[in-house]
Amino acid sequence: MLDLVWLLVAIPLVSGLGLLVWGKEADAWGHLVATVASAASFVLGVVAFIELAGRDADDRSVTHVLFTWIEAGPFHVDMAYHYDPLAALFVLLITGVGTLIHVYSIGYMAHDERRRRFFCFLNIFVAAMLTLVLAADYLVIFLGWEGVGLASYLLIGFWQHKPSAAAAAKKAFVVNRVGDLGMALAIMLMFAQLGTTDIASVNASIGSASTSVATAMGLLLLLGACGKSAQVPLQSWLLDAMEGPTPVSALIHAATMVTAGVYLVVRSNGIFDASEAARTAVVVVGLVTLLVGAWIGCAKDDIKKALAGSTMSQIGYMMLAAGLGPAGYAFAIFHLITHGFFKANMFLGAGSVMHAMDDDVDMRHYGALRTSLPITFATFALGYLAIIGFPGFSGFFSKDKIIEAAFGYNVWVGLGTLLGAGVTAFYMTRLMMMTFFGEKRWRDEVHPHESPLVMTIPLMVLGAASLLGGALLAGDWIVDWLEPVVGHTEHHELAIPALAMSAIIVAVVAVGATLAYLTYGRRPVADVAPLDSQVRWPVRAGRHEMYGNEINEALVVRPVQHTTRTLVFLDGRGIDGFVTGLADRLGEASQALRKPQNGLVRSYALGIFAGATLVLVALLAVTLA
Amino acid sequence: MILTLLAATPLLGALVVTCLPRGSANASTVKAVAIGFSALTLALSLVVMARYDVESGGYQMTEKHEWIGQLGAWYSLGVNGIGLVLILLTTILVPVVLLAAWDDRLPGRRSVNSYVAWMLVLEGLAIGVFAATDAFLFYVLFEATLIPIYFLIGSYGGPQRTYAAVKFLIYNLVGGLLMLAAIVGLYVVSAKDGNASYLLSDLQNVDMSTTTERLLFCGFMAAFAIKAPLFPFHTWLPDAAASATPGTSVLMVSVIDKIGTFGMLRWCLGVFPGASEWASPVVITLAVISIVYGALCAIGQDDIRRLVAFTSVSHFGFIILGIFAFTTVSTAGSTLYMFNHGLSTAALFLVTGLMIARRGSASIGDFGGVQKVAPIMSGVLLVAGLSSLSLPGLAPFVSEFMVLAGTFTRSVPAAAVATLGIVLAALYILIMYAKVMTGPLREGLEGFRDLGSREVAALAPTLVLIVGLGFYPQPMLNVINPAVDEVISQVGQGDPPPRTPVDVSEQAKTEEGGH
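These protein sequences, in sequence, are chains A and B. 415 is the number that the numbering used here gives to position 415 of the first sequence; each next residue is one higher, with no gaps. 1396 is the number that the numbering used here gives to position 396 of the second sequence; each next residue is one higher, with no gaps.
Keep in mind that the hints were calculated from the coordinates and are not lab data. Any given hint could turn out to be false.
[To be verified] The calculated lysine-lysine pairs, modelled on DSS-like cross-linking and capped at a C-alpha distance of 30 Å, are:
1) B:Lys1192 to A:Lys162
2) A:Lys162 to A:Lys24
3) B:Lys1192 to B:Lys1064
4) A:Lys24 to B:Lys1372
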């Protein structure tokens, strides 16, 4: 089976492209084929996982070359996959959550006339994402990397007739390209420095290069990771990306694609292990993003944007953990997986709420929905308890581990992650209160109704996973499982016992949740948002996404527009003007030379006379001198 | 003989088409005959491709007849991997262009006979240029290609066609004139050295002083830089593309402009290696400027055809950068880029050409929301656009990355600035796509027709090749690599070795683990 891992990618790819080319006749059944294709990949993923787990710990990796992709001179890139414990976990996450979201979308997109195309894009996304995590060469990662970017572009802009959706799609792609610039340069540096772009070789031999090379490589990869994972400073696209259909937000912009940056850092552990500076940069980026994302999450009234802020923040946690090196890699992946469960769950739950509310996303128009949407409420509550880290739920374990490791690394970083946990509890409780509790604030023409089973079953499955996902840590399983890939070292001993640490975290979470309850649960929520001028600056800043767009606008967009306009002008007037001007002068010179040829004998005679005189004078001058 | 046959087939086709009766009643027959001849040429070029022995490399299927003995000019043809790839590109694109041009509305009462005949003439001459191994023959054919394009723009283009055609002609004649001076100079040099000969193989062994070599290099390079076009000699291209029919634009940008970059490889690097190296800092700088400048100007265009023309300025920058980085990786990348850019730009010019013909305007502002009424056209434009912005998985990515990776080993700053092009490319393509295809449908576009089956058939080959070569470029690279190795060793350069190479035993171990 492990020689057939390429089928994981091939099945959804063929299905996606096939349905796209097939045409209208496939409208009736295309979504079913796409769902089955994704499920088939999942089944294969499970089989491969079992086979891999059956092997000895040091034998758990398979590299298989399918064909030579590019070969010229010393440049050699194989189209090869590398299936190992890290890839295996991702395969299960991508195909598992992916299949659930396919199923959900059957219901969610039932009335969209372009449903077949939606499923094609989903399939293509799954194929590209699997390529990304299975690649054995950085250039093949890049293929999957930009492939998921394309799928994301197509799906954010799926409702192309909405200018806002089209603009968000374009923005996501362009911002990601800025990150890809870093990744492309990192790959070039690998080739120039080591002569190969093979992941295993690069990470094994980076130690022979100088630290500054490893640092440069790490920082360039981090730039790529920031773009894909919406980390500061390349975060601005993620909130706009919520223009896409909600299943897309759940799959691509919460559970899988946006976590690819974390995957990249963990996969490149050899490079990051070799550079302290690069690791520090990762920690800083993660810390800043986790606080900024949480802040934004507190201020948004749009349920999807609040969740998107939360996604940024949670990925910040993962990124930070990955920056801690071998002490944190496994926990980064652990949180990535539990987050994949509970965030997909909550996004799909939000979709179910929107479905009930005629696609209204403003939480100020919700309230008291727990009675009308009992299943959605129950499953959402499981996700909620998981993300805030309620003891026993998956997020409790995964976030605890990261906070502990952060304290082991540096007290200030630890305090930052602790603060983040409190704020997470605040904004999630706020979201919960505004949506499911309090008084109903919907207008009379809205009749909330529970979603059909095809949508609620995936919710139930993901709800259960949100509750039980912590089991991956039982007996340190996930740490042991990943050890052959990323290694593991215990973080520094903490000043206080782990149990006390957990108690402190839970206390901070309780404070955050209580504050939100007092503000949004006990008091009525206005159904119209207060104006910017009526709220204090922290809320204003959060609403404006910490002015990220304004900063980009001022630092990048306007200068580029200005340069572009100037260059277009200069190209026409300057360069081309010079050339055409040259031609014009030539024409004028000809005109001037033409003047004496006027056809009048007397003027010619005058000319001859003048010329003869000139010659005579010249001759005389020469002779006399 | 097969190369002569290959070049003569489209010329014969042109003759036949000219003799066919004119008038709209016969237009379909005329086009069908033209397509038939171009298809025959394509078949022949595939035969050439199949007969080319990749293992032994070098120039093959050579023919040599004395032409003007006193000058040492020979009718001498032969193909190496680089020429072969470009001949293949030419023969693939001409039938595509003819098929896509089926419904072109020509201005006034111009006959379709001469329109397609000129295209076939151009094909024949282009094949000759790519196969010529004699500098004099090359020069004559190089200049001869101006004639069909002059008429294709000047007689069949848009309202500004006369201005554009004259501008095109004068610009290129200036370049050609400088090259003529260099050609004369070559005669002097080779005559002084013994026997006067214009044969490439002889010229490579001619002794010349450094100054002479540099002067002659500049003569050739000037012509090629204008043709390619390299910043700041590019301003003829946007005007020409804006006034030409889409088919003419494809032949001009995808095929004929490649003569510039092809010429740099074969004649500049081949005959003047020392001077090429001497000039490389300047050329690399101009190439990097071209990449960024062309992309920025493309972002600011409102006329779709000018936009595509400026994207080509940027792409030619990449090609020239790769050539003058003197590594086998970047140069093989550049050669592959010539082929891929030809496909990608052809798809882009043709699909936007169909859009423009339907709308009656080339202004981006006159479109909007077209995706709603023409989903297939929108999909084709997107794929063509994505190939232009070098999305991995599509052919141009492979070549662009090779150019960048190879250049990086030679000059980090040049590669780093050039890589900015990938962000700017996303801007010029996606902004245009968003304005044209997305949003609410613009008024007046209600009856906009989607692509018909003939149009899809014309465009399909380019798209299939773009996707296919994106995943499996090796068949092309296998042909290109030996020729590139030869050129690079001619220059006396090679790939800088990795600074800290991966331990071979380490690599062997990881590879072993894979089987």
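Okay, the hints, checked on the actual structure:
| no. | hint | result |
| --- | --- | --- |
| 1 | B:Lys1192 to A:Lys162 | violated (72 Å) |
| 2 | A:Lys162 to A:Lys24 | holds (23 Å) |
| 3 | B:Lys1192 to B:Lys1064 | holds (23 Å) |
| 4 | A:Lys24 to B:Lys1372 | holds (15 Å) |
In summary, the one numbered hint that this structure violates is 1.
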